[in-house]
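Participant: Please put together the full structure from these sequences, using the hints given.
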Amino acid sequence: MFLLALTVAASLAGAPPQETNAPTVVLRADHVHTGTGAVHSPGMVKVRAGRIVDVGASLNTDGASVLELKGHLSAGMVALGDQTLLGEQGVDTTRFVLGEAETRLGFDPRQPAMQRLAQEGVTTVVLTPPSHSLVAGRGLIAKTGTGRVLANGQAMHVAFDAEMFVDRADPMEGQDFGGGFFFFFGPNGAVNPNGYKSSYSGAAEVLEENVQDPNSPVSKIAGGEVTAWLRSSDRAESARAIAFAKRHKVQGTLEAGPRIGDLAAEVKASGLGVALTMFRETDPHFATQSALALTRAGVPYGFCLSAKEQPVASLRMAAALCRRAGLTADQSWRALTSGAAQAVGLEKQVGALRQGLDADLVLWDGQPGELTSRVLQVWVDGQKVSAR
Amino acid sequence: MRFLVKRSPFLLAVGLASSISTGWAQEANGSHDWEGSLVAAAPSETPFALQDGNEEEGKPKEANAQKDDSKDDSKDDDEKKSKAKKKDKDKDEEKPEPLSLAAPQGPVLYLKGERVIVRPGKEIENGQVIVRDGRIMAVGTDLEAPEGARVLEGAVICAGFMDSFSTLGLDRASLTTSGSEPSARTVDALDFFGPDHDRQNALKAGVLVAESHIAMNADFGGTGVLLRTGWAHDPEKRLLTDESAMWSRLERSGNVVTRVEEVDSLISKLESGGDYLKSWRTYETKLAEWEKEIAELEEELEKDFKKAKKDREKDIEKAKEKGKEHKEKRHKEPKPPRKPRFDPDKEILGRVIEGKMPLVVVATRAAVLRNLLEATKPFPSLRLVIAGGDQALHVAPELAARKIPVMVWPSEPLSSSSVPSDTRGSLELAGDLARAGIPVVIGSGFSGSSAALPLYASLAVGYGLPEEHALAAITTRPAAAFGMQNELGQVRRGRRAELLILDGDPLAVGTQVQFAISGGEVVLEPQK
Chain A
1 MFLLALTVAA
11 SLAGAPPQET
21 NAPTVVLRAD
31 HVHTGTGAVH
41 SPGMVKVRAG
51 RIVDVGASLN
61 TDGASVLELK
71 GHLSAGMVAL
81 GDQTLLGEQG
91 VDTTRFVLGE
101 AETRLGFDPR
111 QPAMQRLAQE
121 GVTTVVLTPP
131 SHSLVAGRGL
141 IAKTGTGRVL
151 ANGQAMHVAF
161 DAEMFVDRAD
171 PMEGQDFGGG
181 FFFFFGPNGA
191 VNPNGYKSSY
201 SGAAEVLEEN
211 VQDPNSPVSK
221 IAGGEVTAWL
231 RSSDRAESAR
241 AIAFAKRHKV
251 QGTLEAGPRI
261 GDLAAEVKAS
271 GLGVALTMFR
281 ETDPHFATQS
291 ALALTRAGVP
301 YGFCLSAKEQ
311 PVASLRMAAA
321 LCRRAGLTAD
331 QSWRALTSGA
341 AQAVGLEKQV
351 GALRQGLDAD
361 LVLWDGQPGE
371 LTSRVLQVWV
381 DGQKVSAR
Chain B
389 MRFLVKRSPF
399 LLAVGLASSI
409 STGWAQEANG
419 SHDWEGSLVA
429 AAPSETPFAL
439 QDGNEEEGKP
449 KEANAQKDDS
459 KDDSKDDDEK
469 KSKAKKKDKD
479 KDEEKPEPLS
489 LAAPQGPVLY
499 LKGERVIVRP
509 GKEIENGQVI
519 VRDGRIMAVG
529 TDLEAPEGAR
539 VLEGAVICAG
549 FMDSFSTLGL
559 DRASLTTSGS
569 EPSARTVDAL
579 DFFGPDHDRQ
589 NALKAGVLVA
599 ESHIAMNADF
609 GGTGVLLRTG
619 WAHDPEKRLL
629 TDESAMWSRL
639 ERSGNVVTRV
649 EEVDSLISKL
659 ESGGDYLKSW
669 RTYETKLAEW
679 EKEIAELEEE
689 LEKDFKKAKK
699 DREKDIEKAK
709 EKGKEHKEKR
719 HKEPKPPRKP
729 RFDPDKEILG
739 RVIEGKMPLV
749 VVATRAAVLR
759 NLLEATKPFP
769 SLRLVIAGGD
779 QALHVAPELA
789 ARKIPVMVWP
799 SEPLSSSSVP
809 SDTRGSLELA
819 GDLARAGIPV
829 VIGSGFSGSS
839 AALPLYASLA
849 VGYGLPEEHA
859 LAAITTRPAA
869 AFGMQNELGQ
879 VRRGRRAELL
889 ILDGDPLAVG
899 TQVQFAISGG
909 EVVLEPQK
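Line order of the protein sequences matches chains A and B.
Per my numbering, numbering through the first sequence is continuous, rising by one, with the last residue being 388.
Per my numbering, numbering through the second sequence is continuous, rising by one, with the last residue being 916.
Keep in mind the hints are simulated off the structure, nothing from the lab.
All values reported here derive from a predicted model rather than from experimental measurement.
There may be inaccurate statements among the hints.
From chain B, some residues computed to sit far from chain A (all C-beta separations above 10 Å) [what the hints assert, rightly or not]:
1. E705
2. E713
3. H714
4. E716
5. K727
6. E816
7. F903
Estimated spans, in silico, between C-beta atoms of each pair [to be verified]:
8. Q588(B) with D30(A): 37 to 47 Å
9. F834(B) with G223(A): 48 to 58 Å
10. E68(A) with V648(B): 48 to 58 Å
11. K70(A) with T752(B): 34 to 44 Å
12. G223(A) with Q588(B): 44 to 54 Å
13. A265(A) with S641(B): 53 to 63 Å
14. E102(A) with E913(B): 52 to 62 Å
15. D330(A) with S656(B): 51 to 61 Å
16. G56(A) with P914(B): 35 to 45 Å
17. G892(B) with E68(A): 24 to 34 Å
18. T282(A) with Q900(B): 40 to 50 Å
19. G892(B) with G223(A): 45 to 55 Å
Just so you know, even glycine gets a beta-carbon here, dropped at the ideal spot from N, CA and C.
Facilitator: As structure tokens, then:
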């Protein structure tokens, strides 16, 4: 049974815990997997004020309390593209462009799914609004266990997939002529009666207007002042998203479906990271081949997870399937940690055991990438949040 | 493999009683087309006891042997049993001797592995396995390669994985239909010419045997099959059995009263099946008596034939004299017994309740499981398997006491609106179930994939199932659950050669199947 010590104190405010005279703790484990290729057996991780001070086979422990741990110590995992944790907060079917929206205002860090993520070794989760809008506003990145919302992870969410046309409030509702048909299938670029675009090209037109309008918050993604989360699912949508990113020098993450591997070179050229949408073990072929292609092209990527609808283990299952398809243990582990962090621009904050990164640590009873391994203890920002 | 008894009225009428005492017993043993002595070489073993890992190989527990044989329901099995014990003593150490003097059917294989996993919990280091005639001929550490044998080498040799709940070979409509009858047979619905990549992927992942069945939403979905994934296009080899188990789905209604009735109806149908078989047996006995009686009468007539003929001639003459018509003497014959009406549904359910094939019940709710356990108590020979069983922990003591296996599979993505987000899938319960003493079997399930079965087993370890149990859950336990414990699931002399050579631990994520051997032949090997 888990004993969860959920600490939601002042850390919720957004700033990482900063104490000048914070105590130093050295965690000494049988194996320390740095996530940067090295494994120290045994190894040590020095933590102060929620940050990793040093990692190595043998560290100076003067003035520090030493914690002896049995097992394998690794960085916490990073889950991308969770559409479920914000619940209905992000759904607005009345407006097509929600540039000002900030989903962090509707985020509940105390929900059970956040605890479950922590218990299973996911320490950072990237939340996306489950939106049916073209622009869904700013998403957020949160730490599980403590619920801390990261200050620099609020990407602007832009849709390139057909989801944005689904469930929109029908302006013709109650009227007795067939507006529904034109609402969904009107000619490209058509404006439906209340002003929403109802096709890809119409949506693209609205997006271009917003990006070029200096008064629109959406314009900040051009040039990379604000990072973007470009949501696509099939290959044509991903191609459009990549072209858009190139055109406006957008930085950020491309959420993409199983065929994104076909565009690996284009993604690499665009500088975007990739969030592979969840794929199931029933049909992993294209998704795993895409993971291989992205790895070969040197594109950082991670996997999406919907924590309220799937077991957290689906994340590790995705990596395991990629491993069976040909990734090395190291490569598949990176997709769960540093690769995913890099895909959302957090490589200098989470995803590995390295000096200066957040002290998000997971103690396993076996190799971190193995499905047979179990999480024994979890630390987020240096605080123990879960222990078996 | 051929069955002695098919579901045919002719055979039933001809030899039901005898089939029951011998044919089905052999079927349960899985010993059809195999020489008696070799079958005997495979000792009976407790299907679910992993704790017997430290048991001396040569001395099978008396109780275990008893238990298995009681399942087989065969009275004339004593002879075999004693042979089994005799053979068992010198098993493994035995030198490979030709099983028959005839030339081998198919290739002879000589496998070498750094680890030979005989069964979960028992391993041989640097061992060899000899395969001939589709069977494992020898397992040991100092075996020499037979002349002309093909030599295969690898890190780990283990039994092929078995998916106890797959959807292979069937289209979606056949799978989900609720309009089925107990006598429906999955073998008739198999589509070997449909899309094939699922089967190929399963084979690549080392899943060599898969249980498939139609109509998972029916009260009685009919009998399932055990497929060999390595032999899709060979009509003889692709089926291990066409009667793996009877599947029954409970909880088809959201109404609690209906759910109670479901259990009652299940039991009463099974009972009527039992009665039906009894009525056939009574008929058989009476028919035999009648035939005997008739034969005796005929004999009597035969004996007195000359006298009877003379008497008749006299009678005819007398009648002529009197100018009357001659009346033939009538012999009073006993009436033949009345034949019961043939009912394929009742017949198959009768066989289920008599334990000739397992009954897999798909149910999750504690209340339903409790009802089911209570209602099945009076039928000790019924071989019950619970599938799903999300709330099986609530009835754990009884399941453990009766050694009823619980089949688990990965949960489907839960719909957040109808189920609380923290509901666990039954695969996640594997560890808790095992701790409660319940034998756990892992299947890929309706929404899973056979190719991911070994990964599910690994995941179950991550959920707290001990590694040996996890491996057992995809090898020995499914074999036992489907009555194939003497045929599949272990690397032992006499078992069918359904084997894998792996490049690493069976439950490690990065492990690849190097060679797969099915039906004694290499069905998968590295492509050059």
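Participant: Run the structure past the numbered hints and jot down the numbers of the failing ones, going up.
Facilitator: Checked against the structure, the hints that fail are numbers 6, 18, while the rest are satisfied.
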